[in-house]
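As numbered in UniProt numbering, residues 1 to 572 make up the sequence shown, in order.
Incorrect hints may appear among the rest.
What the hints assert, rightly or not - List of simulated lysine to any residue pairs, SDA-like, C-alpha gap at most 25 Å:
| id | residue 1 | residue 2 |
| --- | --- | --- |
| 1 | Lys174 | Phe221 |
| 2 | Lys212 | Pro436 |
| 3 | Lys250 | Lys324 |
| 4 | Lys193 | Ser412 |
| 5 | Lys395 | Asp428 |
| 6 | Lys324 | Ser362 |
| 7 | Lys244 | Ser152 |
| 8 | Lys402 | Asp456 |
| 9 | Lys244 | Gly97 |
What the hints assert, rightly or not - Pair ranges (Cβ atoms, derived):
| id | residue 1 | residue 2 | range |
| --- | --- | --- | --- |
| 10 | Thr536 | Ile55 | 37 to 45 Å |
| 11 | Thr150 | Lys193 | 23 to 31 Å |
| 12 | Leu162 | Asp437 | 21 to 29 Å |
| 13 | Ile55 | Ile364 | 44 to 52 Å |
| 14 | Ser362 | Gly53 | 15 to 23 Å |
It should be emphasised that the hints constitute simulated quantities derived from the structure, not laboratory data.
Just so it is clear, the structure is predicted and the values come from calculations on it, not from any experiment.
Here a beta-carbon is modelled for each residue, glycine too, at the ideal position from N, C-alpha and C.
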Amino acid sequence: MDLNCSQIITSGDYYDYIAAYTPYLYNMLSYTPGVCVNNIDNQWLVINYEGDGSIGVSTSGYIEIPKLFTLTDTSSIDASGITQVHNQPVLNLLGRGVLIGFIDTGIDYLNPIFQYARGLSKIDAIWDQTIQSPDSNPSDNPYKYGTVYTNSQINDAIAASLAGDDPYAIVPSKDDNGHGTFIAGIAAGGADKSAGFTGAAPDASIAMVKLKPAKQYLRDFFLINDEAVAFQENDIMTGMQFLKDTANAKGKPLVICIGLGSSSGPHNGGTPLAAYANDLARQAGIGVVCSMGNEGNARHHFSGIKPAFEDYATVELSVSDNEKGFVLELWADRPEMFSISIVSPTGELIPRIPARRTEQSSVIDFVFEQTRLYIDYQNVESLSGNQLIFMRFIKPTGGIWKINVHGLSGLSGEFDMWLPVTAFLTGDVHFVRPSPDTTLTQPATAFSVISVGAYDHLTGGIYIANGRGPTSDGRLKPDIVAPGVNVYGPSADGGYTYMTGTSVAAAHVAGAAALIFAWDIRSKPATYLSSTNLKTTLVRGARRAATRSYPNNEWGYGILDLYNSFEQTRLQ
């Protein structure tokens, strides 16, 4: 049976592949039976093809395999200097004319905080990737899967609800998790006086991408915890494409808020998602805001140096007895190059595996243990240019694993290793001597995006799990911090709840960025700011404690204070 693209893209029997765009490759694949291809902004192609049951870094490449991401979970508005901007008579900025886009778990479009007066929705569009249109290639959906719901359809659904009819018969999209509703509410929710709540940009319009869950073959490859929420890199990239297209169609500046994160990659911006986010962030009229992730105290990063006069550096990894499996990435500091040997908790030695010129994969079955270990070398990873050693531990024995890192070039001897984000692990896996720095998640590693950490606006302290900079190539991150601990916001059941995480902090900054865009719109002529302009405005006004040195790897340039940012602009 011939499948259409919607069926191919969403089928677990078909694999997804990210490739650099070339006209030849796109044209050839567009006419290949059983293959679907989506051109993302003439930079990247997402290719969907029938899987053969095998996948590996050595055979498929590293950047080509979509990485998996998870969620990085109004006194806070006051603390951010946003309420003063709302109330200042001359500024009186509420975000009108600006679109804030979210790539998340969906939105409760029936919540009144997402409506203007008379029940008209603030939501310009919802692209629900989990609901497949009966039409295989609907004319209003160039992304070939999922269903796009327009503002008019959402208004009809709200009207049906008010009349006592079923709104989901018109727009069946729901937020079953609540994360997307909360984040959208913090950034762009309207005022609810009875609940004492208002969002940062209450008059801004909204576009929401509800991501489809990651395919099982990728969850199996990355050994993801069965209970973990996981989304695919290519779906996030296509979601960003949708948000850009929606803003262009509406003629509005766009702020993209990404409250997702992954520890995969070299942590220097060298992944397809980070590269695409970086490109959008440089464009006029687009701001990209990313959360730093919640891995700061997880002990999942190791920064090492192979001593010049020793054969190797030893990295110790503690693994709990109940861990079903995990991946581990070693990234060399370019042009450095390494090979590894391994000692299991029972003392079994796997001798040094040489780094040959050709890409290679090794499969190791331990004699006295049930552990199987896959090791892939990419001596020159295609996007970052760094060497990658990619390890997959299946049924690892509990205890201390020793990974001996042998240097080959005699240069700096520097390398980094990262474990997956905490949510992806079944048990407790951590480095015995970890480094708390460079624990930010991607795509916050991208140069031009606004990377946001979290602090507690009630106590003034940093969020303990806050991902830290710098990037692996030494760039400062975060750019700024915002409230992200026990923040009050909307839940998916129509009520209110509290949430903690750097995604909450990113939502505050996304709303603040929308207010700067709204101010720019009122200027004659508008200057069409980019993320670089927004970032500079925000960090100039950030509050800085006299007892700290700035910028730093925890606080960046300081605490979000939008009113002070406008004060600094006035003084220039």
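Hints the structure fails to honour: 1, 2, 3, 4, 8, 12, 13
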